[in-house]
Amino acid sequence: MRMPVLSLLTMFVLVDVGSAAMAAAPTEPRALELAWHRCLREAYAHQPPGQSRAGDERNALDECKAQEDAFVASLMAAGPPDGGRSGSVWARTWAAFVEPLTAWIGGLRR
Numbered sequence: 255m256r257m258p259v260l261s262l263l264t265m266f267v268l269v270d271v272g273s274a275a276m277a278a279a280p281t282e283p284r285a286l287e288l289a290w291h292r293c294l295r296e297a298y299a300h301q302p303p304g305q306s307r308a309g310d311e312r313n314a315l316d317e318c319k320a321q322e323d324a325f326v327a328s329l330m331a332a333g334p335p336d337g338g339r340s341g342s343v344w345a346r347t348w349a350a351f352v353e354p355l356t357a358w359i360g361g362l363r364r
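Residue numbers (this note's numbering): 255 to 364.
Keep in mind the hints are simulated off the structure, nothing from the lab. Even for Gly, the Cβ is constructed at its ideal location relative to N, Cα and C. Treat each hint with caution, since some may be false.
Claimed, not checked - Pair ranges (Cβ atoms, derived): (1) 331 - 296: 21 to 31 Å; (2) 305 - 333: 35 to 45 Å; (3) 352 - 331: 38 to 48 Å; (4) 306 - 349: 43 to 53 Å; (5) 285 - 347: 44 to 54 Å; (6) 360 - 296: 42 to 52 Å.
Could you put together the complete structure from these sequences and hints?
Structure follows, in structure tokens:
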């Protein structure tokens with residue numbers, strides 16, 4: 255019975271050390287993005303054999319959730335991109351391009 259309690263305590267200590275390291279990490283979005291990608295590569299590399307590719311990817315994303323959250327939070331804190339365009343402007347621009355194209359492709363199918 256002592257072993258699970260000991261491993262549970264060890265897990266809490268390791269999680270606490272990881273969160274302290276994340277708190278001390280830089281808040282520069284590019285540095286956080288690189289750290290997240292590095293974590294994903296390392297986590298993906300040590301997945302158990304025999305899993306599907308999608309399973310490997312899900313497990314790697316789960317392992318690197320803290321880095322992803324820090325990266326997204328830094329992007330949100332930084333505000334809009336340099337061009338000053340918000341995501342909705344990009345979405346409207348994309349829709350203005352895609353809708354006529356899909357209508358044209360639909361016309362070719364008829």
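How the hints compare with the structure:
At roughly 26 Å, the beta carbons of residue 331 and residue 296 sit within the given window of 21 to 31 Å. In this structure the hint that residue 305 and residue 333 lie 35 to 45 Å apart at CB holds, the actual value being about 39 Å. For the pair residue 352 and residue 331, the beta carbons lie near 31 Å from each other, so the given range of 38 to 48 Å is not met. For the pair residue 306 and residue 349, the supplied restraint of 43 to 53 Å is violated, since their beta-carbon distance comes to about 34 Å.
Look at residue 285 against residue 347: about 29 Å separates their beta carbons, and that is not inside 44 to 54 Å. Separation of residue 360 from residue 296 is about 45 Å and conforms to the stated range, judged on CB atoms against 42 to 52 Å.
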